[in-house]
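In the order they appear, the protein sequences are chains A and B. Heads up, the first sequence is in the working numbering, so the first residue is 1 and it goes up one at a time. Heads up, the second sequence is in the working numbering, so the first residue is 1 and it goes up one at a time.
Be aware that a few hints might be false.
Calculated pairs, BS3-like style, for lysine-lysine (alpha carbon to alpha carbon, straight line, at most 25 Å) [claimed, not checked]: (1) LYS77(A) / LYS22(A); (2) LYS58(A) / LYS69(A); (3) LYS77(A) / LYS49(A); (4) LYS42(B) / LYS49(A); (5) LYS22(A) / LYS42(B); (6) LYS49(A) / LYS57(B); (7) LYS77(A) / LYS57(B); (8) LYS22(A) / LYS58(A).
Partial list, derived from the structure: chain B residues whose beta carbon lies under 8 Å from chain A [stated by the list, open to error]: (9) PHE45; (10) PHE61; (11) ASP62.
Please keep in mind that the hints were generated in silico from the structure rather than gathered at the bench. Where is the CB? At the ideal position from N, CA and C, for every residue including glycine.
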Amino acid sequence: AQSVAQPEDQVNVAEGNPLTVKCTYSVSGNPYLFWYVQYPNRGLQFLLKYITGDNLVKGSYGFEAEFNKSQTSFHLKKPSALVSDSALYFCAVRQGGYNKLIFGAGTRLAVHP
Amino acid sequence: EPEVTQTPSHQVTQMGQEVILRCVPISNHLYFYWYRQILGQKVEFLVSFYNNEISEKSEIFDDQFSVERPDGSNFTLKIRSTKLEDSAMYFCASSRPPDTTNTGELFFGEGSRLTVL
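Isolated chain B (complex conformation) (with noise of 0.2 Å):
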């Protein structure tokens, strides 16, 4: 079964370093988006991307924060100077545009856990 993969799975940074996540989505998928969850806690919304560009962003999304899809199959957040509140599990999810045959569930990857010193 298509999967949405992501690496690292673990990254250890310092303070104000520049991190890049990535993931592949699946590949019939048009959606693209990142999550984060801090601590297990609530899983925040922070940026959805379709047609090459960002459709729609949270307030936690601010200019720090920058998602590209640099080829056919990857898709990527980077984060240009981190900072400790940073530190978190990212997930990326992908889904299809709803049609006659799904209702666009999101798929989920297994995450990338961002650890900011």
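Chain A extracted, bound-state conformation (with noise of 0.2 Å):
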């Protein structure tokens, strides 16, 4: 069965600094992968996703992931936090037909002014 690690409960980052969010996954064939972020009392909404081409995949907020096979991660990253950064990240992988995705446990980012 597929699925996603993020080893970090939480993340703490000064604004401005550089954030990584780390996720790693273990799928048999080609990975589908995604990231969510999750605002307080929120739905989640959809970061960006990988499925194949440049490991390096842009997405919403200034956000990025860069998937790397060797190493069975997936890390979401942007340059310079913002404190409005602060949320909560979830990595998902697509199982089976029909779309689903299974989530990691989520990992807590608080960027601190």
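Hints given; two lone chains; assemble the complex.
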């Protein structure tokens, strides 16, 4: 079965510094990988995805993610963090048909002024 | 921009009562899902629905749960006899079948918070 792991419960970053939120995956075949963000008391918003092609994927709000096949990773990055980026971030992998997503446990990002 | 809408935003119920959570998916989407999230933790898959039938369900989705698409727009989740552990945020999502122009990412509603007392 496909799965993703987010090894960090929380990531703390100072505003203006680069941020990385880690995700590793375990899949059979080609992975379809996604990042979603959840702001407090809100639903999940799609940030970006990797299906095929360039390993560096750009998404919403200045986020990008790098697909690394040898390390089975799909880390989320941003060159300069904003306080407003503070939220819960979920990595996800598609499993089976019908576009079903399996989510990681989530990483809480806290950006401090 | 089209969005998935869910009602109610919050429902409080007594243990053993029936609850129906409602969702209006994006109009040209064909795949529908329910997920739940307990206390801001992991987002867990419950069920997927396509062509008027369940395409897949998780272990969580036992006989107390059912889904229905009663008309062309609504997609509902029913919990027949709620338990304390059903307290969670329930998210509806929808997607288009993947094709050459999209890869079928899920679009989520804002969620329905269920509190079982």
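Hint check results:
{"no.": "1", "hint": "LYS77(A) / LYS22(A)", "result": "holds (9 Å)"}
{"no.": "2", "hint": "LYS58(A) / LYS69(A)", "result": "holds (17 Å)"}
{"no.": "3", "hint": "LYS77(A) / LYS49(A)", "result": "holds (13 Å)"}
{"no.": "4", "hint": "LYS42(B) / LYS49(A)", "result": "holds (19 Å)"}
{"no.": "5", "hint": "LYS22(A) / LYS42(B)", "result": "holds (16 Å)"}
{"no.": "6", "hint": "LYS49(A) / LYS57(B)", "result": "holds (24 Å)"}
{"no.": "7", "hint": "LYS77(A) / LYS57(B)", "result": "violated (33 Å)"}
{"no.": "8", "hint": "LYS22(A) / LYS58(A)", "result": "holds (16 Å)"}
{"no.": "9", "hint": "PHE45", "result": "holds (6 Å)"}
{"no.": "10", "hint": "PHE61", "result": "violated (13 Å)"}
{"no.": "11", "hint": "ASP62", "result": "violated (18 Å)"}
The structure fails to meet hints 7, 10 and 11 from the earlier list, while all remaining hints are met.
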